[in-house]
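Model the full assembly from the supplied sequences, consistent with the hints where possible.
2 protein chains.
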Amino acid sequence: MTAHTRKPLILISNDDGITAPGIATLVRVMRRIGEVVVVAPDSPQSGMGHAITIGNPLRLDASTIFEDEGVEAYECSGTPADCVKLAKHHVLKDRQADLVVSGINHGSNSSVNVLYSGTMSAAIEAAIEGLPAIGFSLCDYGHDADFTHAEPWIEHIARQALKNGIPVGTALNVNIPKKSEEALAGIRLCRQARAKWQEKFDLRHDPYKRPYYWLIGSFVNLDQGEDTDEWALANNYISVVACQYDLTALHGLTEMNASWDLTPDHATLAKRHA
Amino acid sequence: MTAHTRKPLILISNDDGITAPGIATLVRVMRRIGEVVVVAPDSPQSGMGHAITIGNPLRLDASTIFEDEGVEAYECSGTPADCVKLAKHHVLKDRQADLVVSGINHGSNSSVNVLYSGTMSAAIEAAIEGLPAIGFSLCDYGHDADFTHAEPWIEHIARQALKNGIPVGTALNVNIPKKSEEALAGIRLCRQARAKWQEKFDLRHDPYKRPYYWLIGSFVNLDQGEDTDEWALANNYISVVACQYDLTALHGLTEMNASWDLTPDHATLAKRHA
Numbered sequence: 589m590t591a592h593t594r595k596p597l598i599l600i601s602n603d604d605g606i607t608a609p610g611i612a613t614l615v616r617v618m619r620r621i622g623e624v625v626v627v628a629p630d631s632p633q634s635g636m637g638h639a640i641t642i643g644n645p646l647r648l649d650a651s652t653i654f655e656d657e658g659v660e661a662y663e664c665s666g667t668p669a670d671c672v673k674l675a676k677h678h679v680l681k682d683r684q685a686d687l688v689v690s691g692i693n694h695g696s697n698s699s700v701n702v703l704y705s706g707t708m709s710a711a712i713e714a715a716i717e718g719l720p721a722i723g724f725s726l727c728d729y730g731h732d733a734d735f736t737h738a739e740p741w742i743e744h745i746a747r748q749a750l751k752n753g754i755p756v757g758t759a760l761n762v763n764i765p766k767k768s769e770e771a772l773a774g775i776r777l778c779r780q781a782r783a784k785w786q787e788k789f790d791l792r793h794d795p796y797k798r799p800y801y802w803l804i805g806s807f808v809n810l811d812q813g814e815d816t817d818e819w820a821l822a823n824n825y826i827s828v829v830a831c832q833y834d835l836t837a838l839h840g841l842t843e844m845n846a847s848w849d850l851t852p853d854h855a856t857l858a859k860r861h862a
Numbered sequence: 589m590t591a592h593t594r595k596p597l598i599l600i601s602n603d604d605g606i607t608a609p610g611i612a613t614l615v616r617v618m619r620r621i622g623e624v625v626v627v628a629p630d631s632p633q634s635g636m637g638h639a640i641t642i643g644n645p646l647r648l649d650a651s652t653i654f655e656d657e658g659v660e661a662y663e664c665s666g667t668p669a670d671c672v673k674l675a676k677h678h679v680l681k682d683r684q685a686d687l688v689v690s691g692i693n694h695g696s697n698s699s700v701n702v703l704y705s706g707t708m709s710a711a712i713e714a715a716i717e718g719l720p721a722i723g724f725s726l727c728d729y730g731h732d733a734d735f736t737h738a739e740p741w742i743e744h745i746a747r748q749a750l751k752n753g754i755p756v757g758t759a760l761n762v763n764i765p766k767k768s769e770e771a772l773a774g775i776r777l778c779r780q781a782r783a784k785w786q787e788k789f790d791l792r793h794d795p796y797k798r799p800y801y802w803l804i805g806s807f808v809n810l811d812q813g814e815d816t817d818e819w820a821l822a823n824n825y826i827s828v829v830a831c832q833y834d835l836t837a838l839h840g841l842t843e844m845n846a847s848w849d850l851t852p853d854h855a856t857l858a859k860r861h862a
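Residue numbers (the working numbering), protein chains in the order written: chain A, 589 to 862; chain B, 589 to 862.
These are computed hints drawn from the structure, not numbers from a lab.
A couple of the hints might just be wrong.
Since the list gives no way to pick one copy over another, a pair counts as held whenever it fits inside one copy or between any two copies.
Derived pair list, reagent style EDC-like, types lysine to aspartate or glutamate, alpha-carbon separation capped at 20 Å [to be verified]:
(1) Lys751 to Asp656
(2) Lys788 to Glu717
(3) Lys788 to Asp649
(4) Lys595 to Asp682
(5) Lys788 to Glu663
(6) Lys766 to Glu663
(7) Lys595 to Asp794
(8) Lys797 to Glu663
(9) Lys797 to Asp656
The structure is reproduced here in structure tokens:
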């Protein structure tokens, strides 16, 4: 098979589970571009961050969910990161994915949410494996969210990734504004906004009078920059952040080299054995 | 109470669970420095990455495990990140922790393992909350691991953090070589080594003939740098990496700005609605 006749091989995963509407949209869009294989969790895995399954065995079963579209699909009992590992090393084996896409997540993964995101953990796991990868999220938490306005943009971004590549050591975090009357304003390359969750815990009591807690929080953007993903989304742009899995803060190391005592003497340490 | 009489308030969590030997060591060492509060998972959470619990309620119960040492302790049904959130917003409330320490993890969290690490997710969650935080890990997976050689060094590092602070926007990832006949060589500030897991899946069949998979993998260091955490640990140094939770790869954005088509025209997009 020559290079120009071979369709790109695209691996799809997500964190909302294989039956979520978001992944069905992604399958439909990616089929216009290449050959698609789906390996996705058999149940929702939202908030799983970069979890992997180490203490328990994993199940992996063929699924007929995308049979009508002629798409090979598997459901997995593990996390999104598990799905990508199983896909690469067990399902695809000698077939090399040209692109890994995850999502479309039902809800935003902008700013600091990327750290809690199962959608992005699938993409980052693929990046660690050396595969070009993108996580797509729609800023609409509804199960009946409308993805139609996002489709041509997702296709454009995926084609750009196949044509121009994704920066080495990164995976793209793409967030798309919720559908509104206004058309999407375009694409912005962004940095991750500095933000946090202002947490509260709702204390309740079960029928046996034991307390339990629901996490409730509100998202607070602490960043005034117009180069952030939060700014882009607030202005109806699609935000694209290149996310690196090397967490080293070199400026932090420089700062510590100047202020920390990194060579305690034996007397100091011995005192601490007391 | 004046500043010089108030002992620092130190919050401790981990991912191996409140009964693990590693957290008992950390409690003992931190008690020499300040007042200690423990909020830790009620069961092991290894490999949980930066997971949070959103679909289920959380339990939080007072624990008597460190009662003999006069230490206030709670066990939580959630993940390490949940523990830190609950500690800050529910247990400590108006008390501000001067330092958050997590661990001591039974096993290495060096290099790319930081992404899967529940120990470090507790520290990073604290950093997002604006608290100085350190995750400690011992490169020994045994439940009977010997932590004694690490104690004076952990105390030194914690005291340095209280005295000199931790770089803004980062949490420290501290890995300590396994106890050997040789004394520890010292502390090295490091960058995260470029490495990956070479995964394999062990396929088995259950008594009902259904397949299942165990993840087995071997760690491969792809980095020759002598400024990495892997180099430090291999040479019997304690590795210290300042880890940032802003994942933005600015060099990646620069690269994409030069090569990607970020402003597709309407005709291109319209074609993709077909």
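Do the hints match the structure? See the list:
1. Proximity of Lys751 and Asp656 under a CA criterion of 20 Å is satisfied in neither setting, with 29 Å inside one chain copy and 64 Å between copies.
2. For a Cα distance limit of 20 Å, the shortest separation of Lys788 from Glu717 across copies, 13 Å, qualifies, whereas the shortest one inside one copy, 37 Å, does not.
3. In this assembly of identical chains, Lys788 and Asp649 lie within 20 Å of each other by CA distance solely across copies; the values are 18 Å between and 39 Å within a copy.
4. Proximity of Lys595 to Asp682 under the C-alpha cut-off of 20 Å is restricted to the intra-copy arrangement: shortest distance 16 Å within a copy versus 59 Å between copies.
5. For the homomeric pair Lys788 and Glu663, the shortest alpha-carbon distance between copies (18 Å) is at most 20 Å, but the shortest distance inside one copy (35 Å) is not.
6. Within a single copy, Lys766 and Glu663 get their C-alpha atoms no closer than 28 Å, and across copies no closer than 39 Å, so neither meets the 20 Å cut-off.
7. Taking the closest pair of Cα atoms, Lys595 and Asp794 never come within 20 Å of each other, the shortest separation being 55 Å inside a single copy and 37 Å across copies.
8. Taking CA atoms no more than 20 Å apart as the test, Lys797 paired with Glu663 passes between copies only; the shortest distance there is 18 Å, against 39 Å inside one copy.
9. Taking the closest pair of Cα atoms, Lys797 and Asp656 never come within 20 Å of each other, the shortest separation being 51 Å inside a single copy and 28 Å across copies.
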